[in-house]
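There are 2 protein chains.
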Amino acid sequence: MTDFTDNLKPRYDGAAILEAERSASVLGIDELSKHLLSRDDFLGRQEKVLKVLRKEKLFNKDQQLNLSRPERYHLGLARAKAIRRLVRREAWDHEDYKMAEYLNDEMSPFHLHMTMFVTTIREQGSPAQNKSWMPRILDYDIIGCYAQSELGHGSNVKGLETEARWDPVAQEFEIHSPHLTASKWWNGGMGRTATHAIVVAQLLLPKSSTAQPSTTDSENPSRSHTTSEYVPYGPQTFIVQIRDKKSHQPMQGIAVGDIGPKYGYASMDNGYMLFDRVRVPKSAMLSRYAEVSDETGALIRRGHPAVVYGSLTFVRGQIIMHARHVTPFSDMNWLVLARAVTVAVRYCAVRRQFQDRDGVAPTHSRPQDEVQVLDYPTVQIRILPLLAATFALHYTGEYMYNLYHQSRRTIEEGDFGPLAALHSASSGLKSLCTTIAADGIETCRRAMGGHGFGGGSGLVGLNADYLSKPTVEGDNWMITQQVAAYLIKKTTECVQNVASATQDPTEELLKDYLRGRAQHTPPSFLAADGSIDDDALVQIFRWRAAALAYAAYQARVEEKKPWTSLMIQLHNLSHAYSYHILVSTFRTALSSSSVTSLSNPTPSVLRTCFRLFALHTLSQSASSFLLTSSISASDLQVLDAKILEVMGELRPHAVKLVDAWAVPDWLLDSALGRYDGKVYEDLFERAHRKNPLNRTTFNVDWRSEEVVLGSGDGGRQLLAKL
Amino acid sequence: MTDFTDNLKPRYDGAAILEAERSASVLGIDELSKHLLSRDDFLGRQEKVLKVLRKEKLFNKDQQLNLSRPERYHLGLARAKAIRRLVRREAWDHEDYKMAEYLNDEMSPFHLHMTMFVTTIREQGSPAQNKSWMPRILDYDIIGCYAQSELGHGSNVKGLETEARWDPVAQEFEIHSPHLTASKWWNGGMGRTATHAIVVAQLLLPKSSTAQPSTTDSENPSRSHTTSEYVPYGPQTFIVQIRDKKSHQPMQGIAVGDIGPKYGYASMDNGYMLFDRVRVPKSAMLSRYAEVSDETGALIRRGHPAVVYGSLTFVRGQIIMHARHVTPFSDMNWLVLARAVTVAVRYCAVRRQFQDRDGVAPTHSRPQDEVQVLDYPTVQIRILPLLAATFALHYTGEYMYNLYHQSRRTIEEGDFGPLAALHSASSGLKSLCTTIAADGIETCRRAMGGHGFGGGSGLVGLNADYLSKPTVEGDNWMITQQVAAYLIKKTTECVQNVASATQDPTEELLKDYLRGRAQHTPPSFLAADGSIDDDALVQIFRWRAAALAYAAYQARVEEKKPWTSLMIQLHNLSHAYSYHILVSTFRTALSSSSVTSLSNPTPSVLRTCFRLFALHTLSQSASSFLLTSSISASDLQVLDAKILEVMGELRPHAVKLVDAWAVPDWLLDSALGRYDGKVYEDLFERAHRKNPLNRTTFNVDWRSEEVVLGSGDGGRQLLAKL
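Residue numbers (our numbering), protein chains in the order written: chain A, 1 to 722; chain B, 1 to 722.
Source of the hints: derived by calculation from the structure; they are not laboratory data.
Note that the list lumps identical chains together, so a pair holds whenever it fits in one copy or between two copies.
Below, in silico cross-link-like pairs of lysine to any residue (SDA-like), each with a Cα-Cα straight-line distance of 25 Å or less:
{"no.": "1", "residue 1": "Lys721", "residue 2": "Leu709"}
{"no.": "2", "residue 1": "Lys678", "residue 2": "Ser149"}
{"no.": "3", "residue 1": "Lys282", "residue 2": "Gly253"}
{"no.": "4", "residue 1": "Lys721", "residue 2": "Pro664"}
Based on the provided sequences and hints, a complete structural model is requested.
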């Protein structure tokens, strides 16, 4: 179809604008990309997998926003299956497979099968259970999911209501849902896909059994499922077949289905499941660490006590879950944020609106041109600190990745020492970093004005999907309590032992504070020559974190205030502590040889990012820095002016800095964020050529019930769907 | 269909919990509802219209989230037509009709027809044009839209690219789109619905014409559409038929369609439109204020100069648009926010999670019960300040409504004096209040944890739709510049004339500051007896607004800094000024007889809301208050503790306070926010009975391309849609 619109060009040529932006900065982008994304050959793998996917029509993203939610699941399942076939056809390894999921960019109905389902069996199943299940799992002959959360309980695992009652005569467990709120809920892949589930249920043994109840449950003696004849032993994991292999219908006594539409995750079948006294064999209970004795019917626990009583498994599970959000495992929050920032920076460079009020000609422009909106400080203050944040999150991710792998080696040698610190850092960073990214996506969207609200932004799905992150796998407001508890414990130890030296960075932070607080004056982030003192910035963040930890210690340990009354303060402490990690780690990275060896001006541009991130954070939480005497009043007075100055330094490199994140256009799926700057051409193409709604003609006469012109069914098709 | 799930009950009875909440507070809810919602008999009208709508299957909201975007437009059009039929059948007046739109809760494809389309013709059309068009419009024989924004220009009306070139020989205008970016874009109802459009285009007259070019355009001499033979006269409005009445196909030379899916507004056909030298008669130009002369071919302007040169019309238009967001016209931001807060308060009261860490029994609970999450300060700090904000926004809305009607009378008598103040207040409040509401909806959602991400929250559509508000009808970051410009002008006047008395509240604010600043010490919001001093709170907000206005005056007028470099500062000034209006107006309302005459404890509970709103705002922007010496350092130290205290006072009334907003369950469409507290029953019903995805059985075997079990089409149906 051709028409008169074919010959029209936009008034300003976006391609020329981005070209000018790119040639005005001498940053070496290939080198910077490699520096940022070399782990596991990310860039090479991205290119290789992208080449395959973009040839497959099924992975075309054009019509995704026009599909209904049931269709989105259909498509999600079709793609999940197709990726399995591609894995075989292309001989992809596991990293390639993960890259395909990343580029496909939607939650796969198979996602839990190859993550929580397989991991739980591997870690908690006995050797015999592993031998029996693994081949079927790895061949996808069965599809698994992980059924922990319930309608009534998400965060509180001890509160789970599903019961697994041991019948010593039949040698079976009876899985049962005593209340409606016992329904499993939210579990990914369970709604329509899975044939099997790991079911987390409260183990109940008949009273005659001789083992002691678990310590965790003795704190909780009046659970409703405790009948006089049974004793609760806390949550255990069971592998249960939930659907018939052939008919794919639910097994007898099981009600299971999809919970319905959500904010995002349209392609994923998050499920519900209730059990009506479902019998499973003894072998269903994963028994690496605990098993019901054949002889006595008692619970036999084996292994290290920390493992046996579940707390270690729980903490390790949490660390792995949180690490996913803050390290280069799978959900790299900085790459997610980088997508939003890429779109915003490119579009705001191409977009021009209004001439300068004082008649000053804009950069790279003819005098009559309107101003690039990226040149407005009101746009910069929203986007550029987030651009800086992508690097802050990245360097901390790399740091945590290394910490995780070091600690894992130590732990596997039987030393559980590093666990608490790792748990605290990963929980705090999960909370802070997913909040920064989730809020950042929406901030970028709004900074793009009207077109930011359109589907051509490419952020509709990203935004909706990512909004789950601040809640899932540890609510961002809840898990900070664990960080604060750790810091209060550490402070208590340090207070009792201020003088002695330490290797632990958190103890060092706290002791520096305890030793220095009597005669403290806040350092200035301005050096004598007016330049920014990067180390002083780090000191300011360290001091705030330590001062808030000490205040929490005083309130809780010395003044014995109720925990609940301190919760907001503890949340703020956790964020302050996590911000200190982000700032310190970024500062350290700047001095590392991997940064200093980059060609000019990359190291100094990264330094500008560091400064903007730190100064902007200072400004956002200024009163918290002031109240802890971390920053001086005179520094605060010049803060906003310094931020403007630093943004001015970063601005010329903005387009190239987002280029460095190497997000392919195919993944961005954004008219506004196209690499080539053809924003308006693409927006128009989507509307004029690709919008299915424009293929229907409607009847707008209100006297008729018919909606489509000439359909003659009086809207009956539509009514039937309601 | 019955099954074993029918007999299951939730572990905690939500209905009993909300009942206990309601009986624990003695607030008189009916009285408070009437106090809040008496204008135009809101409550009676709501009941009347709701009764009709809920009987019509077409308005059932059950399946909305399961429809595709094209289906959502189909449904939106069917509903828009049905509402017209109901208006006739039920003899509804215009207020009833608006109530039906409010309860239907989606943007109607007819929305622009009865707002911008009809208003523009009424205000800018000549008597003859009105006579000719109005009957057809009011009968909906033609459906209109308003085509101002373009692909390349939204905020900047002067930058619009569509041209209307006068042909003196044919006595016709030629409407033409010279670039792709001239495409009309975003215009509601234009995509598939409208037959006619008001087209805003740059008027071009042949050079021989004798009238002077408009002053606005002389600032902008090199517009691309200025050819040597034509002179630009700035934007004018034209009424253009865009679709054939019978076939509903675009008229010759017009490319028009829907722009495709967006964040929200699925039911609305936001459109694009390009013109290929389309000829329209002379009568197409709306000619109340300007007309091309039959004799000379020159532009004749008539009426008051402010009207003639468009600025007045523009400003008035802006005021009306902004007032919609901040007064009881149509989009009452406090009722939108109240919906989110209603859902969050009720659900967080019903939801219990974790036992208290110190073993303290929760309120209204048995010792073994888990804590209601609304009792956690980390939940309160997110929801209760927003509950308080609904009242702040409401009282300011009422104040602005009265101010608007007073000023309108004055203006209609020919005195344009009040216009600037009204424009400034409504722009500033539009920016601040829609930001508070948009962010507030998401904050409420996140405060609800996992279930907040589900469709049962009832916030999916509300959130997506409302996210447009910070951008549309004046971007929230852009329109604040106008507020700041007004305040700088006012400050300049006041500085030159500090001593004289004034009746103008903004001048009073500024003069109080100018007189007092030499020997100012910030007042304490704590009275001598430790209670909160409400008037001191107002003073603190007044002082900050004035101090920032003065600082902006110094920077711009005295130091002559470039406007662009000040933009962030000016944005902050606008918000500080608007916050002062919210706080002052709320404080004044508390002393009004309409509040003091309410039965106890309502006046004091509203006072608690005022305090929470003010203190929480102080805490959120503490450094801005500190840097302007509006608040003392010692007050800042106790601020967080005071907020906790005030939240504790408000907590027992929270459920009843949201009840007072009287949002019907039918409108909320939320399992979590049901009036009766049956949260879990409703969530389960939606999943188990109402989810269409659960009626399909899928083929999960990855070796097969088929998606639906036994469909046998190898996913071809699905592929065809991609």
